[in-house]
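**Q** Here are the chains, one letter per residue:
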Amino acid sequence: MLEVNDKIRVATIFGNGKVDPVWFEWKGRKIRIEKISYRWKEKEGSCVYMHYSIISNGTLYHIIWDRERMEWYLKEIGDDVL
Amino acid sequence: MILHVDMDAFFASIEQAANPFLKGLPVAVAGAKKRSVITTASYEARKYGVKTGMTVVEGLKLCPVLKVVIADFKKYEATSREIMEILGKYGLLEVYSVDEAFLDIGLADPEKVTISFKKEIKDRFDITCSVGVAKNKVLAKLASGLEKPDGFFVVNDVKDVYDVPVSEVCGIGKKTVRKLALVGIVTIRDFVNAPLHVIKSIMGINGVRLFYILKGEIKDYVNPVPDKPKSIGNSMTFDRDLFHKAEIEKALFQLAEKVAFRLRKEMLEGRHISLIVRYKDFETFSLQYRQEMPVYDEKEIFSIVKKLISSIELVKPIRLLGISVSDLSPAIQQRLFDRNLYERYKVIDKIRERWGFNAITWGIVKDKYLHNKPISPAWRPEKIC
Numbered sequence: 001m002l003e004v005n006d007k008i009r010v011a012t013i014f015g016n017g018k019v020d021p022v023w024f025e026w027k028g029r030k031i032r033i034e035k036i037s038y039r040w041k042e043k044e045g046s047c048v049y050m051h052y053s054i055i056s057n058g059t060l061y062h063i064i065w066d067r068e069r070m071e072w073y074l075k076e077i078g079d080d081v082l
Numbered sequence: 083m084i085l086h087v088d089m090d091a092f093f094a095s096i097e098q099a100a101n102p103f104l105k106g107l108p109v110a111v112a113g114a115k116k117r118s119v120i121t122t123a124s125y126e127a128r129k130y131g132v133k134t135g136m137t138v139v140e141g142l143k144l145c146p147v148l149k150v151v152i153a154d155f156k157k158y159e160a161t162s163r164e165i166m167e168i169l170g171k172y173g174l175l176e177v178y179s180v181d182e183a184f185l186d187i188g189l190a191d192p193e194k195v196t197i198s199f200k201k202e203i204k205d206r207f208d209i210t211c212s213v214g215v216a217k218n219k220v221l222a223k224l225a226s227g228l229e230k231p232d233g234f235f236v237v238n239d240v241k242d243v244y245d246v247p248v249s250e251v252c253g254i255g256k257k258t259v260r261k262l263a264l265v266g267i268v269t270i271r272d273f274v275n276a277p278l279h280v281i282k283s284i285m286g287i288n289g290v291r292l293f294y295i296l297k298g299e300i301k302d303y304v305n306p307v308p309d310k311p312k313s314i315g316n317s318m319t320f321d322r323d324l325f326h327k328a329e330i331e332k333a334l335f336q337l338a339e340k341v342a343f344r345l346r347k348e349m350l351e352g353r354h355i356s357l358i359v360r361y362k363d364f365e366t367f368s369l370q371y372r373q374e375m376p377v378y379d380e381k382e383i384f385s386i387v388k389k390l391i392s393s394i395e396l397v398k399p400i401r402l403l404g405i406s407v408s409d410l411s412p413a414i415q416q417r418l419f420d421r422n423l424y425e426r427y428k429v430i431d432k433i434r435e436r437w438g439f440n441a442i443t444w445g446i447v448k449d450k451y452l453h454n455k456p457i458s459p460a461w462r463p464e465k466i467c
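From first to last, the protein sequence lines are chains A and Z.
Reading the first sequence from the start, the letters are residues 1 to 82 in the working numbering.
Reading the second sequence from the start, the letters are residues 83 to 467 in the working numbering.
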């Protein structure tokens, strides 16, 4: 995986106690999320970060939601993309 | 009945679930690229002989198509925490390690319970576990290892595992296995039929206890409350070897901060301080210091380890440093003498608990070495225990 750490805009569905990202924008491209393959919660002090491993068009992405700041980041991307 | 739940190739399975492109491929999870050792190998990688503890280079020699993934311990901790929450719904839970737990389900049907939580774990994480069932923890743990992965094995009586080597029993280490073999004790059958005084002479009181547990004459209870730690320590393997005094001291201070923070969190202080040094070539040694007045404070721990490291000549670059504080006692004495200091640390610790460990630090470690923290075998999810 390659480190990216870019802030991104994400469309999200809230429901059933879950937060599901649907698509995100990165470098002017709209990337539609086909599958959330894994999700986990990280606590750093009282800050909570929701991590998602997602698949789009045959590529793995790792995105993070900073719940406190209400911001999304693209953390990593599969080596095959860049 | 008691169940022992053992997650199958835990870290590697999580990586395969998170990245479906790794499914079916030989995967090894390693601490950091090239330099570190393999912490878990997937079952596909094990077929090539890749094992935990090998270096990445050794793993790649055995399996050139091995996919090496850098460990993400926060992901594993979070997964473990959720799994323990799932298991806790089914009975009395004892978290044994990040990927193992004992569950006392009383009179419930072990098979039904296992099917149910295996499904929950599979649905949530797409990973599997193996389960051993027995009347005591020792046999349950042994049983979970007999049918892997995704296994379920019931030991109703010790006779069911008579032919299993004693080396498979938790609590019998390599040295003891060799000593037992010298008197002809190789299998569990040999062990439980041996004269008790022979077991006692080799293994002491722990052997006697194990003897009676295996025979089913005493029970080892599931203990949901974790034992108080005997020592608190932290270590760091560096991405590049350290040689200069300033960077070694900076790393030591950082470690002292972490150890002191954890001591205060557990309301403990300790008298025995150990410094572990591992050179580039894996040569490892430790230096010890003992003092009458117990410590809980990073500055004091740092000053002790600084003295320890200054007392020797470092002949090679360092790949790992570790600090451990033992001979622990409840943190009372120091507070009586250093009330102001203790209050100051309480404020620092509060900031760290609110904003994360790296939110506040001392000037000496302003530019922190951000370390990908490995999971200690003693790790327990905080909310469970």
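Rather than coming from a laboratory, the hints here were simulated on the basis of the structure.
Keep in mind it's a predicted model, so treat the numbers as computed, not measured.
Watch out, some of these pointers could steer you wrong.
If you want the ones that stay clear, here's a sample from chain Z, every Cβ over 10 Å from chain A, calculated [unchecked claim]:
no.: 1; residue: 102
no.: 2; residue: 139
no.: 3; residue: 208
no.: 4; residue: 236
no.: 5; residue: 332
The calculated DSBU-like cross-link candidates involving lysine-lysine, where the alpha carbons are at most 30 Å apart (straight line), are [unchecked claim]:
no.: 6; chain 1: A; residue 1: 43; chain 2: Z; residue 2: 217
no.: 7; chain 1: Z; residue 1: 332; chain 2: A; residue 2: 75
no.: 8; chain 1: Z; residue 1: 347; chain 2: Z; residue 2: 432
no.: 9; chain 1: Z; residue 1: 332; chain 2: Z; residue 2: 398
no.: 10; chain 1: Z; residue 1: 398; chain 2: A; residue 2: 43
Beta carbons: idealized from backbone N, C-alpha and C, even for Gly.
**Q** If a hint holds in the structure, say so; if it doesn't, say that too.
**A** These are the hints, each one checked on the structure:
1. 102: violated, 5 Å
2. 139: At roughly 20 Å from the nearest Cβ of chain A, residue 139(Z) sits farther out than 10 Å, so the non-interface label holds.
3. 208: violated, 8 Å
4. 236: holds, 32 Å
5. 332: Residue 332(Z) is indeed farther than 10 Å from all Cβ atoms of chain A, at 22 Å.
6. 43(A) <-> 217(Z): violated, 37 Å
7. 332(Z) <-> 75(A): holds, 28 Å
8. 347(Z) <-> 432(Z): holds, 10 Å
9. 332(Z) <-> 398(Z): holds, 18 Å
10. 398(Z) <-> 43(A): violated, 38 Å
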